[in-house]
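Trainee: Sequence lines, in order, name chains A and B.
If you're matching positions, the first sequence starts at 229 in the working numbering and goes up one per residue.
If you're matching positions, the second sequence starts at 229 in the working numbering and goes up one per residue.
Source of the hints: derived by calculation from the structure; they are not laboratory data.
Among the clues, some could well be false.
As the list claims (entries may be wrong) - From chain B, some residues computed to sit far from chain A (all C-beta separations above 10 Å):
#	residue
1	Ala-285
2	Ala-313
3	Pro-322
4	Ala-359
5	Lys-412
6	Lys-479
7	Gly-481
8	Phe-492
To be verified - Below, simulated DSSO-like cross-link-like pairs (lysine-lysine); rule was C-alpha separation at most 27 Å, straight line:
#	chain 1	residue 1	chain 2	residue 2
9	A	Lys-536	B	Lys-479
10	B	Lys-490	B	Lys-412
11	B	Lys-536	B	Lys-479
12	B	Lys-312	B	Lys-536
13	B	Lys-453	B	Lys-312
14	B	Lys-536	A	Lys-536
15	A	Lys-479	B	Lys-574
16	A	Lys-574	B	Lys-312
17	B	Lys-453	A	Lys-479
18	A	Lys-490	A	Lys-479
19	A	Lys-490	A	Lys-412
20	B	Lys-536	A	Lys-453
21	A	Lys-490	B	Lys-536
22	A	Lys-490	A	Lys-312
23	B	Lys-412	A	Lys-574
24	A	Lys-312	A	Lys-536
25	A	Lys-490	B	Lys-490
As the list claims (entries may be wrong) - Taking CB as the label site, the calculated pair distances span:
#	chain 1	residue 1	chain 2	residue 2	range
26	B	Asp-562	A	Asn-580	28 to 34 Å
27	A	Arg-609	B	Gly-551	42 to 48 Å
28	A	Arg-609	B	Asn-580	40 to 46 Å
29	B	Arg-487	A	Gln-485	54 to 60 Å
30	A	Gln-507	B	His-477	26 to 32 Å
Just so you know, even glycine gets a beta-carbon here, dropped at the ideal spot from N, CA and C.
2 protein chains.
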Amino acid sequence: MALTAGPRPPNSVAAMATAEILTQSGTLELPEALPLDCGQSLPGTQIAYETYGTLDAARGNAVMICHATTGDQHVASTNPRTGKAGWWQRMVGPGLPIDTNRMFVICANVLGGCLGSTGPASPGPDGAPWAMRFPVITIRDMVRAHVALLDHLGIDRLAAVVGGSMGGMQALSLAANWPGRVDKVLAIACTAAMPAQNIAFQEVGRQAIMADPDWQQGAYYGTGKAPDAGLSVARMAAHITYLSEASMHEKFGRRLQNRDAKAFGFDADFQVESYLRHQGVTFTTRFDANSYLYITRAMSYFDLVEEKFGDPGAGLLADVFTGTQSRFCVVSFDSDWLYPTPESRKIAHALNAAGAPVSFMELSAPFGHDSFLLDVPALDRVIAGFLG
Amino acid sequence: MALTAGPRPPNSVAAMATAEILTQSGTLELPEALPLDCGQSLPGTQIAYETYGTLDAARGNAVMICHATTGDQHVASTNPRTGKAGWWQRMVGPGLPIDTNRMFVICANVLGGCLGSTGPASPGPDGAPWAMRFPVITIRDMVRAHVALLDHLGIDRLAAVVGGSMGGMQALSLAANWPGRVDKVLAIACTAAMPAQNIAFQEVGRQAIMADPDWQQGAYYGTGKAPDAGLSVARMAAHITYLSEASMHEKFGRRLQNRDAKAFGFDADFQVESYLRHQGVTFTTRFDANSYLYITRAMSYFDLVEEKFGDPGAGLLADVFTGTQSRFCVVSFDSDWLYPTPESRKIAHALNAAGAPVSFMELSAPFGHDSFLLDVPALDRVIAGFLG
Chain A
229 MALTAGPRPP NSVAAMATAE ILTQSGTLEL PEALPLDCGQ SLPGTQIAYE TYGTLDAARG
289 NAVMICHATT GDQHVASTNP RTGKAGWWQR MVGPGLPIDT NRMFVICANV LGGCLGSTGP
349 ASPGPDGAPW AMRFPVITIR DMVRAHVALL DHLGIDRLAA VVGGSMGGMQ ALSLAANWPG
409 RVDKVLAIAC TAAMPAQNIA FQEVGRQAIM ADPDWQQGAY YGTGKAPDAG LSVARMAAHI
469 TYLSEASMHE KFGRRLQNRD AKAFGFDADF QVESYLRHQG VTFTTRFDAN SYLYITRAMS
529 YFDLVEEKFG DPGAGLLADV FTGTQSRFCV VSFDSDWLYP TPESRKIAHA LNAAGAPVSF
589 MELSAPFGHD SFLLDVPALD RVIAGFLG
Chain B
229 MALTAGPRPP NSVAAMATAE ILTQSGTLEL PEALPLDCGQ SLPGTQIAYE TYGTLDAARG
289 NAVMICHATT GDQHVASTNP RTGKAGWWQR MVGPGLPIDT NRMFVICANV LGGCLGSTGP
349 ASPGPDGAPW AMRFPVITIR DMVRAHVALL DHLGIDRLAA VVGGSMGGMQ ALSLAANWPG
409 RVDKVLAIAC TAAMPAQNIA FQEVGRQAIM ADPDWQQGAY YGTGKAPDAG LSVARMAAHI
469 TYLSEASMHE KFGRRLQNRD AKAFGFDADF QVESYLRHQG VTFTTRFDAN SYLYITRAMS
529 YFDLVEEKFG DPGAGLLADV FTGTQSRFCV VSFDSDWLYP TPESRKIAHA LNAAGAPVSF
589 MELSAPFGHD SFLLDVPALD RVIAGFLG
C-alpha cells in the first residue's frame, strides 16, 4: 500500500520519479522567473505536486489531473492539512478509471493556491508575504506552471490531461496553447469562456472577503486576524452553486436541525442552514482568502479565444483548436446549472468545426456541478473508456 | 394627474378614502397589540400603505397588492425615499391591467419592513429601536397586519389579492387563513413552501449581514454605522438569483466596463461586476439591514401547510384550501430558476385537488424571477383577464 510521504524540499522530484513507492510528494522551484499573462514575471515560483504510479521508460504514460477552484494536489492521497482522503480517491488508484498501475498521475497545486504552490501567502522578493502585491494570474498562467513541471519531469507529451470545473479549463488551455504537449484531453463540467452569471457569483465571493475588515486590504498575514467571516460567506454562496436544487431538496428539504419546531430566531433552524454554515467555517481552516480572490479572478478572466489571440473578438473558438493533434472528450451533467450543458456543447461544436476528434456526453446525475466529484458510475466508465 | 401626498399621521385613512385624489398615503396604527405566530404580540403596530383609485359604495372593488422581499407600498407612485417611479407602475393605473379607474388598489409596506410599517428599526416599547428584540415574524403575520388594515378600511372582502414572489406567498396565505376575505387570488412566481435552495440563499444573505462588525448584533441604530458592506453583499447574491443566466448573458456577457482590456486587478473589470456592485451599494441607501434579516427569515419559514395545521406534516397542501370560495390564478415564468414552474404547479395541483377554480400558466419570458416586474405583455393580459 502506497503511503504519502511528507513534503520534500524543492526539486526533490528526480529522486522521486525513480523511487519504488507509488505515491510521492514533490515541490519544484523554478530556476527562472515565470512569465505571466499580465506582463510581469514571478520570481521564485514553487510548484507543489503529487504523483501516483510509475513513469514508464518511454515517458509516455503520464496523466496530468488539474484540480478545481478550491482543490489541491492531493487527488488520491490524504490531505495533510485536513486529514481527509484525496478528493478524487474514487477515480484515481490501482484498477480505478485513472489506473495508477498503468499510468503515472501528476497533480499540482495551482499557481496562486495555498497548498504549497506559490500564491499570495507566499513570501515575495522582500521576504514578506506577497498578499495583494501578488500579480493577478490567469488560467493560462496556472497551466504555464504545469508545463514547467512537465519540463522538469522530462515529460514531453502527456498521455492525457483531465480536469473538472476549473480543472477542465486548465485542460483546454493546455491543449490550446501547448498543442504538442498532450494526446487526450478530458474536460468535464467546464466552459471555454466564463459566463456572466458565474462572473457574478465569483464577484460576490470576492466582495464578501474584501468587505471583511479583517481582510485589511489583504495584508492580514501575521496579524492574528484573517477574513474568516467573509471567506465563510463566500464559500457558502459558492457551495450552493455546486449543488442542484433537486439534490438540496433530497438531502435537506425543509428538515429542521436538532429541533422539533422552528425557534423563531436567527440560529440555524434548518439542516440546510447548519450544513452551509459548517461548510463556510471549515473552509476557512483549509484555504487562504487571498488565494480565493486570485483564483476566482483567474476564472472570471478565462476566455480561450482571448488567451489564444489576445482579444476575445479576434477569432472563433474553433480557431483556437485549428490543427490540434489531441483527441478530446467533453462531459457535462444534466443537473449542473453552474456550467450547464450548453457550455460544453459549445466546446464540442468548436472542436468539431476544427476537425478535432471529439466525443461529447451529457451525463445524467443528480448532484449538480459537484457530480464530477461524486458517485456517478457513468463518469467512471467514460473516463476509463477514453483513457483506454 | 394624481400626485402622491406626503405621509399622513396614523389613522388618517378615513379622510383619505373619501378624498377626490386618486393616490393617497396613509399610516394606520393598530389600537391593540398584533398577535404573532411566535406567540408574542406586537404593541403599537403601524402599517404604512398607499391606495389608488376610489373605493366604490359597495366596498367591493378593492384589490390588495402584496409586495416582494425588498418592495414597498409605492406600487404606482413615486417612492419618496428613492425618487423613483412605483415598482409596478406599468401594471397599476388608469386603463392598465390593474385599472385604477375601476378598482381601489391598496398596497401596504409589510410588517418588519422599513418604509413606514413597524419593523426592527421602529421604536420598541422603551422608545429605543427594537433592533433584534423585534420578534421573528412570519408571512402570515404580515398578512395579519394586512387584514387589520382591511378591517380598518371597512373592506370585508377583497375583489382580489395580487402578488409576485413574497407577495404571492402573502396572497396564498390570505386565501388559506382568511378564506372569506378574498374573491380572486393571483399568485405569481412563488411557492407554497420555501425550497431548500432558497432557504440556503437567504441564509447566505443573513450571514453576510451578521458577519459585518458594523452590524453590532443588530444594535447599529444611532451609532453612525450600519452593516452596509454586509447588506451590499447580501443584495448582490440575491440579485443574481432574480435574473436568468440568459438575461445576464444578453445584458452583460463578458463585456468590460469602461475599459478596452482587463486591468489585471480587483476593480470591476466586467460590466456585470460593476452592475452588481452598484445594485449592492444603492440597496443600502434604501433598505434597513435588520429588516432584510427579518423578512428573509419569514420567507425561509414559509410553509402553507404548517401555517394552516401547525405542523408541516399534518396535512396536504390541498387540505389548506378545502372549501375555499376563492378563484385562483397561478403564474410562473419559464426562465425563473428561483421559484421555478414546478413550485407553481404544486400549488395549482393542490387547488385542483381541493376543487377550487384555478388557472395555471407558465409564461415564456427571458428575465428570470424578475419577469413579473418587467415588460412581459403576456403577464399584462393574464392579469387583466383574470381581474376582469
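Trainee: For every hint, state whether the structure bears it out.
Mentor: Here is how each hint holds up against the structure:
{"no.": "1", "hint": "Ala-285", "in the structure": "43 Å, holds"}
{"no.": "2", "hint": "Ala-313", "in the structure": "26 Å, holds"}
{"no.": "3", "hint": "Pro-322", "in the structure": "38 Å, holds"}
{"no.": "4", "hint": "Ala-359", "in the structure": "12 Å, holds"}
{"no.": "5", "hint": "Lys-412", "in the structure": "29 Å, holds"}
{"no.": "6", "hint": "Lys-479", "in the structure": "8 Å, violated"}
{"no.": "7", "hint": "Gly-481", "in the structure": "6 Å, violated"}
{"no.": "8", "hint": "Phe-492", "in the structure": "4 Å, violated"}
{"no.": "9", "hint": "A:Lys-536 to B:Lys-479", "in the structure": "25 Å, holds"}
{"no.": "10", "hint": "B:Lys-490 to B:Lys-412", "in the structure": "53 Å, violated"}
{"no.": "11", "hint": "B:Lys-536 to B:Lys-479", "in the structure": "42 Å, violated"}
{"no.": "12", "hint": "B:Lys-312 to B:Lys-536", "in the structure": "38 Å, violated"}
{"no.": "13", "hint": "B:Lys-453 to B:Lys-312", "in the structure": "25 Å, holds"}
{"no.": "14", "hint": "B:Lys-536 to A:Lys-536", "in the structure": "60 Å, violated"}
{"no.": "15", "hint": "A:Lys-479 to B:Lys-574", "in the structure": "20 Å, holds"}
{"no.": "16", "hint": "A:Lys-574 to B:Lys-312", "in the structure": "41 Å, violated"}
{"no.": "17", "hint": "B:Lys-453 to A:Lys-479", "in the structure": "39 Å, violated"}
{"no.": "18", "hint": "A:Lys-490 to A:Lys-479", "in the structure": "19 Å, holds"}
{"no.": "19", "hint": "A:Lys-490 to A:Lys-412", "in the structure": "53 Å, violated"}
{"no.": "20", "hint": "B:Lys-536 to A:Lys-453", "in the structure": "48 Å, violated"}
{"no.": "21", "hint": "A:Lys-490 to B:Lys-536", "in the structure": "15 Å, holds"}
{"no.": "22", "hint": "A:Lys-490 to A:Lys-312", "in the structure": "34 Å, violated"}
{"no.": "23", "hint": "B:Lys-412 to A:Lys-574", "in the structure": "46 Å, violated"}
{"no.": "24", "hint": "A:Lys-312 to A:Lys-536", "in the structure": "38 Å, violated"}
{"no.": "25", "hint": "A:Lys-490 to B:Lys-490", "in the structure": "48 Å, violated"}
{"no.": "26", "hint": "B:Asp-562 to A:Asn-580: 28 to 34 Å", "in the structure": "29 Å, holds"}
{"no.": "27", "hint": "A:Arg-609 to B:Gly-551: 42 to 48 Å", "in the structure": "54 Å, violated"}
{"no.": "28", "hint": "A:Arg-609 to B:Asn-580: 40 to 46 Å", "in the structure": "43 Å, holds"}
{"no.": "29", "hint": "B:Arg-487 to A:Gln-485: 54 to 60 Å", "in the structure": "46 Å, violated"}
{"no.": "30", "hint": "A:Gln-507 to B:His-477: 26 to 32 Å", "in the structure": "28 Å, holds"}
The earlier numbered hints that this structure contradicts are 6, 7, 8, 10, 11, 12, 14, 16, 17, 19, 20, 22, 23, 24, 25, 27, 29.
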